[in-house]
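Given chain P, work out where chain E should sit, using these hints.
Protein chains: 2
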Amino acid sequence: MMHKIAVIGLGKAGLPIAGVIADSGFEVIGIDIDEKKCNQINSGKNPIPDEKSLDELIKKHGGKSLIAASKYEYAKDCNFFIIIVPLFIDENHDPDFSIMENAFRNVGKILKKGDCVVLETTVPPQTTETIVRGWLEEESELKFGEFYLAYSPERIMTGYSISRLKEFPKVIGGVDEISGKMAFEIYRKFIPNIHLVSTARVAEFIKVIEGCYRDANIALANELFKIADEINVDFYEAREYANHQYCNIHLPSTGVGGHCIPYYPWFLIKEMEKIGKYDHCNLLRTSREINDQMKDYWAEEIILKCLQVDKSMKEIKICINGITYRKGVKELINSINLALVKLLIKKGLNVYVYDELFAREEIVEMGLKFIDPEDADIVFDSFDLVIK
Amino acid sequence: MMHKIAVIGLGKAGLPIAGVIADSGFEVIGIDIDEKKCNQINSGKNPIPDEKSLDELIKKHGGKSLIAASKYEYAKDCNFFIIIVPLFIDENHDPDFSIMENAFRNVGKILKKGDCVVLETTVPPQTTETIVRGWLEEESELKFGEFYLAYSPERIMTGYSISRLKEFPKVIGGVDEISGKMAFEIYRKFIPNIHLVSTARVAEFIKVIEGCYRDANIALANELFKIADEINVDFYEAREYANHQYCNIHLPSTGVGGHCIPYYPWFLIKEMEKIGKYDHCNLLRTSREINDQMKDYWAEEIILKCLQVDKSMKEIKICINGITYRKGVKELINSINLALVKLLIKKGLNVYVYDELFAREEIVEMGLKFIDPEDADIVFDSFDLVIK
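Top to bottom, those sequences are chains P and E. According to the working numbering, the residues represented by the first sequence are 164 to 551, in order. According to the working numbering, the residues represented by the second sequence are 164 to 551, in order.
The list makes no distinction among identical chains, and a pair is therefore deemed to hold if it is satisfied within one copy or across any two copies.
With a Cα cut of at most 25 Å, we get these calculated PhoX-like pairs of lysine-lysine:
#: 1; residue 1: Lys468; residue 2: Lys440
#: 2; residue 1: Lys239; residue 2: Lys275
#: 3; residue 1: Lys389; residue 2: Lys433
#: 4; residue 1: Lys167; residue 2: Lys200
#: 5; residue 1: Lys329; residue 2: Lys215
#: 6; residue 1: Lys440; residue 2: Lys510
#: 7; residue 1: Lys490; residue 2: Lys215
#: 8; residue 1: Lys272; residue 2: Lys234
#: 9; residue 1: Lys389; residue 2: Lys440
#: 10; residue 1: Lys468; residue 2: Lys532
Just so you know, these hints were derived from the structure itself, not from any lab.
Chain P extracted, bound-state conformation (with noise of 0.2 Å):
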C-alpha cells in the first residue's frame, strides 16, 4: 500500500520533514492553520527565510507532491499522520497542551481504522501513551489497536533542518510494538539513520534528557565562569586548555532561551514533583535556576560599568548588542537578552537596544530605543558576554 502522509504543522519543524517526505516519493498534504503560509508554499515559495536550504525543495514540491492547506478535511484520504506543533509552558512550568489537543482532536474526526499517527513534538515522558491516545480514540471512536500511535522526536536546529533530517541520528518508539514497527518502516523511507527504540516513553524521555543535559551544562558553564570571574582567572583560556576528549565545558551565556531547552527539565521536574520525588529534580531544578538568574549577573556587570561613567544615571546610554534568543536566528522567544533589556529599563536605566538582524523599525514597533552601538556610553554584547 502506497501511503499518503499528512503533516500537521508547517514551522520551523514540520516543513522541512513535509519537505524531504515530498521528496522522498511520497505525496503530502501539509495542514497549517495560516493560510498564507500555505498559498505561498503552494506556489512553491520558502516561507521559512532562515531555511535556504529548503528553498530548493519547497520549489520542486509546493502545490504538488507537497500541499499545503489550512483544513484538515484535506487530509482525509491520508493514512499516516505526522503531528509536529509547538508546546509551550505556562508561567507555572506547566505544559500548555491546546494547540496540541485542537491538532490531534481535528486529526481524531478525520481518523480511519488501520491509519497510523506518529507525534513529533518535545512532550513529557507518557503524553503520547495517555492523554494523545485518548483525545484520538474521543474523536474517532475507534479503540487504540484499530489505529496505530507512535512518537519520534524532531531533531531540529534552526537554519540545518534538512542536513539535520538527512544525517542526524532520529528514533522512534511505538505506544504498542506493533506502532513502533509500523512507523518505523514508514520512516525509514524518508529518514536514512532512524532507530526503533522500544516503547515512545524511551523516545519522548530521549529528546528531554538532550535538553536537560544542555541545559545543566549551560548552567556548569555559567556558574565556573562567575568563579573565574570572582578569583581573577580568564575562563576562556581555562576552558580551552581543560576540554579534552573526556571533558566538555559549555559557553556561559545570558542564561538559555528559545522553545526547546528551556522548556524540557520542567517535563521532568514537573513529573516528579507532581509524585512527591521532590529529591529527584535537584540538579534539573537548581540548573534552570542559575540559567535563568544570569540575567540578573549581567544586569549587576552593567549596572557595576555605569558607576565608571562620569554622566547622571539617566544620561548614560546603555545599549544591548544582540537581543534574539541565540546568535544568528531572528527569534525572540523565550530571549533572555530581551528579558535583561526589560530588567535593566525597570530599574530605571535608559536602555537602547541593537540587533544585526533587526531594522531600527522593528525594534521601535518593539517599544523599544533604537541606538547605533558607536552613540552608546556602554555596549553590553550579549553573545560575547563583554561590556564596553
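Below, chain E alone, put in the same frame as chain P:
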C-alpha cells in the same frame, strides 16, 4: 645547564613522572617517606603493581638515573623540584595541607638561588602563589624571584599513567611569567604535549574544573537514572540514543569515590563560601549532594528487594559485589561502595562482601564478612547497578 631533577612523592602520580623524566635522559632523585618503597625502586622493582607500564622504566632506571631516597638531603644538588604529594580534605571539606606543607618546607630548606619548583598536586586555585610561595620563602630565606615557582596539574589515571604522560595534553603556568617560561622549557623535554598557560592560577583552575565537569555530569546521570526508574524507562536504552556528538550523558553509579573528583568541587565551593558568594556554587554543591546520596538510594532499593525474600531480616544474606571506588582498581579511598556496606550494616542488615580484587582474608581483615555471591540471597553488583 643540565638540570638535575627532584621528584617529591613517589606515589601513583609521582613515580610515573619520575620514571618518564629519567627515561628522557635526566638524573632524577625521587624522595618518598616510605623507605621500603625506595629500596624497591633502587633495586629496579616497580612498587606499584597497578601500573604495569612502569615495570620496564623502573627496571631500566631504578637505582641508576632514578635514585629514590627518604631524606630530602639527597636532593640538595637538584635545581628543579617537582612536588606531587597527596592532599586530602577534612570532614568539613576543607583541604588538609599538612603533607604538602611538610614537603615544601623540606624543599625550602635545600632550595638555592635560581632553582625552580613545580607543584603537580591538585589544589584550590591560588594555592601556589600564596601559601606554597610563603612556605618556600620562609624556609629558604630567599625571596620569590630568586627562585622560580610554577604549577602543572597531574592528569594521571590509575593504570594508564605512562601513556597519559606521553599523550594527554598537560598545562603549566608560572606564579610569574619568567617562572612559567622556565618550567615550561624543562617540562617540554619530557612531556611532549605540554602547554604554557598565562598563570599558575589558571593551571590550578583548569584541573579543578575538569573534576567539577565530571562530578556534575555524573550527578546529572544519577538524577536522570532515578527519574527514568520512577517512570519505568530503561535509562541505558535512552542514554544510548540520546548521546551523540552534542550530548554526552554519563553513566549512573553508587556515587563518586577516589581521591580526585569528590574533592575538587569543594575547592571552589569553599572558596566561594569564604567570600560570601553562596549563590556562585549551587550546581557544584547540588552535584556533590546527589552523588553522595546515591548510596542512600541504593540502600533503599536493596531493602525493598529484601522484602521480597521469604526469610527474616537477620537471615537474608546480602552480598555487595564490588567494594572498590572504581571498577578494576584495587583502592578503597572514599569508596562509596564501602560506605554503602557500612550504611546497610548500621541499618541492622546482614551484609556480606565480595570483590574479585580482594581475597577472603583481605576482606575479613577489614572487619567485613566474606561471601561467594552464589551463596547470598541478594546480590548488589555495585558497578553494574543490578540487584539480583
